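S.K.: Chains as they are written, first to last, in the working numbering: chain P, 1 to 403; chain Y, 1 to 363.
Because the hints were derived from the structure by calculation, they are not lab data. Just so we're clear, the structure is a prediction, and the values are computed from it rather than from any experiment. Be a bit skeptical, because a hint or two may be false.
Claimed, not checked - Taking lysine-lysine pairs in the DSS-like style, the calculated list, with each CA pair at most 27 Å apart, reads:
id, chain 1, residue 1, chain 2, residue 2
1, P, Lys120, Y, Lys348
2, Y, Lys61, Y, Lys88
3, Y, Lys348, P, Lys270
4, Y, Lys230, P, Lys120
5, P, Lys140, P, Lys45
6, Y, Lys246, Y, Lys212
7, Y, Lys102, P, Lys321
8, Y, Lys46, P, Lys321
9, Y, Lys348, P, Lys269
10, Y, Lys61, P, Lys297
11, Y, Lys210, Y, Lys246
Here are the chains, one letter per residue:
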Amino acid sequence: MQKKINYLIGDSSISDLQLLNQNSFEIFSVESIEFLSELSNILLKNSEVKKYPDVATFAFFIRKANLNLLKKNYVNNQNYRIGRGIVFHITPSNVPVNFAYSLLVGIISGNINIVKVPSKNFEQVNIIIYSIKEVLKLLKFKTLFENRIFIVKYDRDSQGTSIFSSICDVRIIWGGDISINEIRKSSIPSKSTEITFADRYSISVINANEYLKSENKRKIATDFYNDTYLFDQNACTSPQSIYWVGSKDEINDAKCIFWSTLESLLIEKKYHLQPITSIEKLTTFYSQAIVNSNIFKTIQINNTIWRVNNPNVLNGVEFYKCSSGYFNEFTINSLEELLPMINRKYQTMSYIGFNKSEIINWVNKSKPIGIDRIVPIGQTMDFSLVWDGFDFVSNLSRQIEIK
Amino acid sequence: MINSSINFELPEISLYSLNKVSKREFFLKRMIDLFNYHQKNCLEFKNMMYSVNFNGDQISKIEDLPFLPVRLFKMYDLLSVPRHDVVKTMTSSGTSGQSVSKIFLDKNTAMYQTRILSRIVSSFLGGSRVPMLIIDCESTVKNRNQFSARAAGITGFSIFASKRIFALNDDMTLNLEGIKEFIEENSKKTIMLFGFTFIVYQHFYQELLKHKNEFDLSNAVLIHGGGWKKLIDQAVDTNTFKSQFKSVCGLNRIHDYYGMVEQTGTIHMECESGYLHTSEYSDIITRRTNDFSVCEVGEQGIIQLLSLLPVSYPGHSILTEDIGIIFGEDDCTCGRKGKYFKIYGRLKNAELRGCSDTYAEKN
Numbered sequence: 001m002q003k004k005i006n007y008l009i010g011d012s013s014i015s016d017l018q019l020l021n022q023n024s025f026e027i028f029s030v031e032s033i034e035f036l037s038e039l040s041n042i043l044l045k046n047s048e049v050k051k052y053p054d055v056a057t058f059a060f061f062i063r064k065a066n067l068n069l070l071k072k073n074y075v076n077n078q079n080y081r082i083g084r085g086i087v088f089h090i091t092p093s094n095v096p097v098n099f100a101y102s103l104l105v106g107i108i109s110g111n112i113n114i115v116k117v118p119s120k121n122f123e124q125v126n127i128i129i130y131s132i133k134e135v136l137k138l139l140k141f142k143t144l145f146e147n148r149i150f151i152v153k154y155d156r157d158s159q160g161t162s163i164f165s166s167i168c169d170v171r172i173i174w175g176g177d178i179s180i181n182e183i184r185k186s187s188i189p190s191k192s193t194e195i196t197f198a199d200r201y202s203i204s205v206i207n208a209n210e211y212l213k214s215e216n217k218r219k220i221a222t223d224f225y226n227d228t229y230l231f232d233q234n235a236c237t238s239p240q241s242i243y244w245v246g247s248k249d250e251i252n253d254a255k256c257i258f259w260s261t262l263e264s265l266l267i268e269k270k271y272h273l274q275p276i277t278s279i280e281k282l283t284t285f286y287s288q289a290i291v292n293s294n295i296f297k298t299i300q301i302n303n304t305i306w307r308v309n310n311p312n313v314l315n316g317v318e319f320y321k322c323s324s325g326y327f328n329e330f331t332i333n334s335l336e337e338l339l340p341m342i343n344r345k346y347q348t349m350s351y352i353g354f355n356k357s358e359i360i361n362w363v364n365k366s367k368p369i370g371i372d373r374i375v376p377i378g379q380t381m382d383f384s385l386v387w388d389g390f391d392f393v394s395n396l397s398r399q400i401e402i403k
Numbered sequence: 001m002i003n004s005s006i007n008f009e010l011p012e013i014s015l016y017s018l019n020k021v022s023k024r025e026f027f028l029k030r031m032i033d034l035f036n037y038h039q040k041n042c043l044e045f046k047n048m049m050y051s052v053n054f055n056g057d058q059i060s061k062i063e064d065l066p067f068l069p070v071r072l073f074k075m076y077d078l079l080s081v082p083r084h085d086v087v088k089t090m091t092s093s094g095t096s097g098q099s100v101s102k103i104f105l106d107k108n109t110a111m112y113q114t115r116i117l118s119r120i121v122s123s124f125l126g127g128s129r130v131p132m133l134i135i136d137c138e139s140t141v142k143n144r145n146q147f148s149a150r151a152a153g154i155t156g157f158s159i160f161a162s163k164r165i166f167a168l169n170d171d172m173t174l175n176l177e178g179i180k181e182f183i184e185e186n187s188k189k190t191i192m193l194f195g196f197t198f199i200v201y202q203h204f205y206q207e208l209l210k211h212k213n214e215f216d217l218s219n220a221v222l223i224h225g226g227g228w229k230k231l232i233d234q235a236v237d238t239n240t241f242k243s244q245f246k247s248v249c250g251l252n253r254i255h256d257y258y259g260m261v262e263q264t265g266t267i268h269m270e271c272e273s274g275y276l277h278t279s280e281y282s283d284i285i286t287r288r289t290n291d292f293s294v295c296e297v298g299e300q301g302i303i304q305l306l307s308l309l310p311v312s313y314p315g316h317s318i319l320t321e322d323i324g325i326i327f328g329e330d331d332c333t334c335g336r337k338g339k340y341f342k343i344y345g346r347l348k349n350a351e352l353r354g355c356s357d358t359y360a361e362k363n
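All chains should be modelled from the sequences, with the hints used to inform the complete structure.
M.R.: Dropping the structure here:
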């Protein structure tokens with residue numbers, strides 16, 4: 001196809017016509033599951049993978065048993081779903097393994113996949129690509145998948161985005177807002193669809209009393225660390241605001257223990273706060289103070305944890321997003337009080353000290369306009385076939401109606 | 001809101017003369033006056049100070065004063081006078097794509113800036129006006145309403161000129177004939193060369209190289225500022241810069257200066273010993289990024305700048321993104337009182353981890 005595009009996997013000489021003429025597979029086809037499970041085996045046998053928990057988690061996700069389990073949610077005799085055709089994935093520059101999950105949903109939904117990976121060099125990306133190549137060397141997979149998986153790298157000035165957009169049936173853009181607008185300048189065929197992951201805002205809700213009763217506060221701190229500091233709080237699933245539910249005294253005690261446990265953990269993990277981030281936190285804080293004079297900063301030993309105390313619930317707090325440990329704290333009496341705060345930008349709500357039925361009741365009752373995922377703290381980054389409210393398999397396949 | 005209760009007439013103090021004890025007392029008092037003034041006259045500033053629980057009565061040293069990150073001046077219009085009193089809006093020279101700082105000057109603040117700048121530079125040049133060769137092109141200063149940092153620098157420094165010419169044509173090429181004539185006419189006098197560090201190097205030094213020894217600038221003083229970032233990328237440091245100029249045209253009196261568009265006027269001049277100096281009208285504090293605590297003498301930190309001049313906008317205590325070291329106070333070998341320091345570059349932008357962008361990659 002094009003010079004400036006680097007094909008890490010796939011034959012660059014294949015014509016658009018050849019690509020477009022390939023059939024789709026059925027969703028969760030035996031072939032797709034076999035392929036992914038072989039990839040899982042190869043990855044899990046690779047000793048390098050132990051160094052990269054994110055790769056190991058991916059390998060674990062695509063093992064045969066898990067895929068067959070997921071299949072049950074989608075495949076039944078009543079409907080017949082096959083892939084939409086060609087899926088063009090534009091994956092984020094900063095999360096190395098994201099491209100693999102994107103590819104996985106493309107394959108499992110029965111599609112031909114063109115995946116743009118970050119131009120930055122990540123060892124995780126290299127390992128996964130190497131392993132996919134290994135699978136493709138096996139004869140039974142070679143013939144089936146050779147022209148169904150393309151992994152490409154290209155720079156901004158390349159024509160790659162417009163070329164692949166022009167032939168895709170579905171385009172997936174893994175955010176943020178500016179990139180989405182930029183990529184949309186390259187049009188897709190009129191029948192094609194698009195899945196975009198815009199900039200989002202995430203929150204945590206903590207039941208103070210339940211937290212105080214919990215036995216393993218250190219585990220909770222680790223879970224919270226994994227949700228936030230592990231990726232410098234840049235993941236859209238990372239909580240930016242914390243809502244404390246309970247009485248004043250309970251909340252004070254809970255906050256005290258929660259933050260000091262986290263503080264010790266950060267010291268232990270030798271978390272490195274990038275110098276410019278301190279200035280960004282101060283800037284964000286003052287920006288917030290300009291419009292809300294009644295907020296104040298809770299004193300911490302240093303800039304690694306920056307807590308903004310909000311005496312009142314505040315609309316628009318999602319405009320004051322920062323990274324690497326910047327948290328707005330609010331006090332509420334019950335989940336019901338959350339509702340006025342939530343808008344379309346809200347994505348993940350992680351929680352401590354609530355049971356699932358309380359959460360379901362709340363959702364049923366309040367039907368929030370935002371929030372696509374509600375998960376226990378520690379699980380915000382876990383991949384799921386439903387993301388940002390999109391069911392990947394349904395959106396990447398089409399149902400053939402037969403009467 | 002007009003503030004008549006506080007006298008903002010700048011005190012006349014002879015430069016680089018006050019020892020630290022006397023300076024602190026006088027400086028802190030006026031700083032607190034400025035904090036109180038801006039709280040009364042700038043709602044945004046008032047809200048910010050409220051959020052950090054600021055109370056001027058409880059401040060006993062300048063190190064305890066809050067500071068505004070310079071980025072805020074790019075995000076908000078911050079001013080402490082009614083808009084119709086603004087006579088000049090200065091902007092930082094942001095490279096393309098970046099947002100720029102906007103600094104609002106009323107008549108008084110603009111006057112303070114000119115006055116203090118003039119006194120600082122005179123103390124290095126000697127009292128009388130001198131012929132000035134501006135290492136820039138005339139079109140830079142043409143737009144009078146929007147003042148870029150470059151234009152402001154040129155105009156500000158022009159007050160020292162008995163006459164001036166621009167060394168560059170509008171296409172940034174060297175005005176060879178003009179320069180030759182100017183040097184010949186003024187061969188018996190001290191000449192001032194002024195320009196922005198990068199422009200001076202790129203468009204003046206690099207061109208002079210092609211005319212080696214054709215120009216004799218041994219009677220000139222070069223004053224330049226604006227930062228080393230682009231030159232460091234070319235592996236040119238201050239010593240290289242100085243020795244290269246000396247060898248190409250005999251120029252051997254060179255003073256760098258450090259200043260921010262947010263605090264025009266109170267620039268920090270490089271002395272004969274190679275250090276930048278605070279004057280009585282400004283101060284510097286280096287801080288650790290980890291917790292904003294104050295660095296020791298000799299320890300590298302980010303630079304907070306304090307200036308007594310900003311009245312029309314709350315830029316009197318700002319946190320820059322520059323990295324520097326303070327080497328001492330009152331005991332520089334050049335004999336000037338005040339803190340002396342050096343700049344070692346700027347903080348790097350954060351490396352992103354986490355999902356945020358598929359497109360805006362830097363390649």
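S.K.: Each of the hints needs a verdict: does it hold here or not?
M.R.: How the hints compare with the structure:
1. At roughly 18 Å between alpha-carbon atoms, Lys120 (chain P) and Lys348 (chain Y) fall within 27 Å of each other, so this suggested pair holds.
2. A threshold of 27 Å between alpha carbons decides the hint, and for Lys61 (chain Y) with Lys88 (chain Y) the separation of about 33 Å lies outside it, so the pair is violated.
3. This hinted pair checks out: Lys348 (chain Y) and Lys270 (chain P) have alpha carbons roughly 20 Å apart, not beyond 27 Å.
4. In summary, the hint linking Lys230 (chain Y) to Lys120 (chain P) is supported, as the alpha carbons are separated by about 24 Å, within the 27 Å threshold.
5. Distance check on the hinted pair: Lys140 (chain P) and Lys45 (chain P) sit about 20 Å apart at the alpha-carbon level, within 27 Å; holds.
6. With a C-alpha separation of about 11 Å, the suggested pairing of Lys246 (chain Y) with Lys212 (chain Y) holds against the 27 Å cut-off.
7. With a CA separation close to 23 Å, the supplied pair Lys102 (chain Y) and Lys321 (chain P) stays within the 27 Å bound.
8. Among the hinted pairs, Lys46 (chain Y) with Lys321 (chain P) is consistent with the structure: their alpha-carbon atoms are about 22 Å apart, no more than 27 Å.
9. At roughly 23 Å between alpha-carbon atoms, Lys348 (chain Y) and Lys269 (chain P) fall within 27 Å of each other, so this suggested pair holds.
10. Pair hint Lys61 (chain Y) plus Lys297 (chain P) holds up; C-alpha atoms about 22 Å apart against a cutoff of 27 Å.
11. Taking the CA atoms of Lys210 (chain Y) and Lys246 (chain Y), the gap is about 15 Å. The hint holds against a cut of 27 Å.
Checked against the numbered hints above, the structure breaks only hint 2 and satisfies the rest.
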